[in-house]
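Peer 1: In order, the protein sequences belong to chains D and U.
End of the first sequence = 561 in the working numbering, gap-free, step of one.
End of the second sequence = 1175 in the working numbering, gap-free, step of one.
Be aware that one or more of the hints could be misleading.
[Claimed, not checked] Reference excerpt, derived from the structure (chain D facing chain U, CB under 10 Å, subset only):
1. Leu51
2. Val75
3. Gly80
4. Tyr115
5. Asp160
6. Gly177
7. Phe181
8. Pro192
9. Asp425
10. Phe533
Hints were generated in silico from the structure; no laboratory data involved.
Even for Gly, the Cβ is constructed at its ideal location relative to N, Cα and C.
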Amino acid sequence: MSLLKKKNLLVVNKKEYKESVLNKQQYGFFFDADKCLMCHSCEAACGSKNDLSSHIAFRKVGFVEGGKYPDFKRINISMACNHCEDPVCLKGCPTRAYTKYEEFGAVIQDPETCFGCQYCTWVCPYNAPVFDKEKGVVNKCNFCIDKLSEGERPACVETCVGGALEFFILTDIADQYPDRQIPGFPTPEISNPSIRFKQSKILPDFLSRGDGGKIGYQKDTTGNFQAVQKGKEGVKSSIRTEEDPLLFFTLTAQMIIGSVSGSLMLGVFYYEPFLLRYLLSILFVLLGMAMFISVLHLGRPRFFYRSTNNLRYSWVGREIASVGSVFSLLGILCISSWVTFIPEFIVVSCRLLFPFAGVVSIFCMSQIYQIKARPFWKHKNTFVSFYSATLTIGPLFTGLFYLLFGDGSYDEQVIKILSIPVLAGSTIQILGNFSHLKYLKENSAESNVSLNQILNNFKYEHGLRLCGLGSIAILSCLSIITGSIFLFAAAFFLSLPTQYLDRALFYTLVTPTSMPGAFFWNNKSFEQLAKHLDMTKMSDKVLPDKL
Amino acid sequence: MLFGRWNKKEVNIPQKDIREWIYTTCGYCSTGCGIEVGIDSSGNPVACRGIKDHPVNDSKLCCKGIFEYELFKSKGRGKFPLFREKRSKSLKRVSWNTALDKTVSKFKDIQKKYGRDSLAIISTGQLYTEEFYTLGKLVRGVIGTNNYDGNTTLCMASAVSGYKRSFGSDGPPGCYEDFDKTECLLAVGSNLSEQHPLIFNRLRKSLDRKKFPLIVIDPRVTILARMADYHLPVKPGTDLVLLNAFANLILTEGLEGSSFHKHTTGFDQYKNSLIKYTPEYASAICGIEPELIKKAALAYAKAKSALSIWTMGINQSIHGSDGVVAINNLALITGNVGKEGGSPLSITGQCNAMGTREFSSCSGLPGYRTLESKKDRRFMAEFWGVDESFFPEQRGLAETDIFSAIEKGNIKGLWIIATNPLTSMPDTKKIKKALEKLEFLVVQDCYEDVETVGYSDVYLPAAMWAEKTGVMTNTERRVNLINKVVDPPGEARSDFLIFNKIAKRFGSKNIDFPATAKEVFEEIKILSKGRLCDYSGMSYELIEKAGGLQWPISESSSTGNKRLYSDGIFKHKDKKAKLIPLKFKDDNELTDKQYPFILNTGRVVEHFHTRTKTGKIENLNKFSPVAYMEINPEAALQLGIGHMDKVRIVSRRGEAVVLAQLTARVAPDSVFVPFHFHNIANVLTLGLPDPFSRQPAYKQSAVRIEKVLK
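Start from the sequences, fold in the hints, and give me the full structure.
Peer 2: Written out as structure tokens, the structure reads:
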């Protein structure tokens, strides 16, 4: 962190600082929850100051409420970026678009550098970075550092009508207001946010969110509020998500790594080396396609090369780098299988390196999803799922290829060998699934919501996934014993939909921590409803154009 | 670059290149915030900011004010006059001459054929005072119809009527400074933090400085109610009983002041009328514990000074005028009129509702003069150069009654100026029928997409806020200046110019219509001299310098008067205020098995009135883009309604589909729907008019809720 911190703040158009106000201390917002009116002035002032289109908001106000009429209580929560002392966005960003400055402790994101991978929107527990679909980049609160450097306060604070928002050097108010939590605000443990709260009114025992979210807040014996799952009835959403390109990419990359490593390590093509060149070529092209699709998934694909700017912190960067090296190794192996001018020692080292690079890249891939703000993913099962996919569909693909194009003399032997990782993979995956369910039950409100969705709204998909994995395990076990072509082929054709289902559930069921929204604005379920009911076609605009 | 970024990076924050800030006053609500509009180097308005040290809002603005500059470029603005020969044809662009010629000749035809009063004019609270005065002169002095009213009947008529009945004249006695000085605040039917955020800011700051009791009477648990020391969740429509019970308690406990006897009449009758209004009696009707009523009443009476405020919760009720009088009575007996920190202060709705009350001649003649007074008629006839007999001797129909008169066929032509009755009047279906029945409808508005235009024969595109110069009066009688910031779009012209042109065509003969707003302002000053609303010490320059001046301000004085009646001299003939006995009769629409819920309507902070303006500012509209209904979770559970389900609200008048918001903010037997949306709330409302003010009761209609099957 030190390196980035030491950068000096230099605001365009504001180069003449009053030295005295360039304070090198951590500033932060102070929010008095007793006072916020939800008058939207802070949001409006921010939008006007930063010239934001209506679909983008750096500061958003939502609420939680509870109690019985007329003893009804509502807390409005106005929240922007908390300029955390441990900014997970900065660490996650592969392009190093984020900088933590010593001046004011500001975390500034540069939309010019951003290539729109949106990983920061995943890791931030407070939904501070927002993705602008129109421009293909993320943007977020800049602390109004241009105003700060002139000795003024941020626009939202200046305009606050209820007197709820203040701006302080954190150490100045730490004693008076040590509170870093109010109901609705995710745990400060994740990123050490530079915010302090005041909330003194007595609240009812249970608070629900204005956006009707599945998380509620229950008062515990100490009087603090804990997020809990609210209500059992879930919403059946589509199993297809915006992350479909990632689904395709991860599954394909894992299959290719499994297939190539399996072929190389188990010596499947020892007797028919000429077959290998076809397999390698097909997989090389496939991996290229998968990488291409995942690049297209970016908001600004033309800046894909910036992905390695932050290898020091970012697992996304590391993943891209390691998959890139897998691709290069595969490329060399592929070419060397067709031509002879590549020196033998290079080919040998590539063969030796490939499985190692594969294992590393799948490790990086899994690490990406170890996000505290997304408890569903933050479990060893993510590793299990990714490695298992590698162990099952990889060797199955190799085997099928061999069965289809080999001369048939070693089929039984190959099947027996290749079925071993498949059996291991599918068995581990079944165990992983159960351990994941147990974890979801125990971990947090968000994970409970996901669990509820698995058991209620996606029970058939979940059941199918387990049946699929069980069948693959049995089929591969039988294949090991019998060496039957049919059983092996059956396992292959079963494994593709099963792994697809597993991965689709992985992306669909994740429940991120989030700030409570309001009834309309900053409410995903209203957005979905408006789109579903074709309200967007009404003459009055229901949703901003670019949302 | 591939391995990272090492160069020092400049932080690029968007800057609006603002060259000039122009002084204006906000054109939304009646708070009257000082706004400066920022103009960039190419002359476009690109920002708004609150004026520093402004006596009203001291540099702060609400979300509507912050984005007010976006109004100039908002879609739907009328750029050209439109006309159609027949209703079956569509409106076509015509020249101003054609539009005005057709308008005037048709007006004349109708008046000739059916009588002078067969033409009705409905104005607004949105124009500048100079424009209101000009319109008043045109209507009273040239056109000569008595069916001329403002949409202020929908928001402030009960307050006006109540003030007139108690004090002998309209004019709110208090001011914003009372929020700083008061030692107790009684808020009745006022959702202050959402309706008037900057007045709320004043109250909040005052409460931050010192603690004083806050009494809130409101059936909804608003933010103000949540802050209250005593929140009295009254059953809708029964506030009069509660206020009478307050008075009863104060008199029983002997907490009334002693000095009020000097300034009031009717005490004995008043006292006798209160006997039956014991806390227990009130409790049975209002649904509030007697003990709570007692505590609240005593807190009010014991305070050294007590400010009472109210908004539509009182005004938009079938006994709205009585409610206002009840509040005035309380203030009178506790000596809280025109006192520092103590007054009955109605919080007005529109930016210049006060201006229309002062000088538009809607319900009388300029400067709080009345048509009923021979002296006033003669004075104005002489001043304008009109024959005295041209004036009617009694006020004509109010807006609510104009539509009934159209239905009956008594009114054939209508001129609607800057108001949108198809969304704002109760019982939309009835209004639609009335508009269809008209022979001739002219709509003058700054937006050509207001619903009413669809029924019009002529559309006149008007300039809007800050596209012209003039003054407006806010809730605390502060007259403030709006400078012209930009030109109106296309051929749109200021309402002032349109009135002048129509006057010329109508043949104004001896009556002089000055060419500029500033000249009109001088005329207003002369007329106001010595009146309660005395403008004579004002000028545009002085107003801008002071951030607005409060009337009365005499020629010799340089600062306005913060309060009225501080000297104990009232405007009734005997110079005394009246204590008026008030009887409660429950004549609201009642709930029954078929229509078991009480429908309450109101506003949200991000929208203004019928959304013609705020619906087009995406940065505001996104906060509530479609209509919704607040319903208590318990009631919703019984009906099987979930959060954000579509529901149908059905009343005896019509039905509307909205999204359900489950919240314990409303009582289990009530629902709340914001009134901003066309074809929603007012399709359902009954809107029985108050007998004194003719203001409709929007807030108590019986409805049932049905789930909409997906």
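Peer 1: Are the hints correct? Go through all of them and say.
Peer 2: Hints, one by one, checked against the model:
no., hint, verdict
1, Leu51, "holds (5 Å)"
2, Val75, "holds (9 Å)"
3, Gly80, "holds (7 Å)"
4, Tyr115, "holds (8 Å)"
5, Asp160, "holds (5 Å)"
6, Gly177, "holds (6 Å)"
7, Phe181, "violated (15 Å)"
8, Pro192, "violated (22 Å)"
9, Asp425, "violated (46 Å)"
10, Phe533, "holds (5 Å)"
Violated hints, listed in ascending order, are 7, 8, 9; each of the other numbered hints is respected by the structure.
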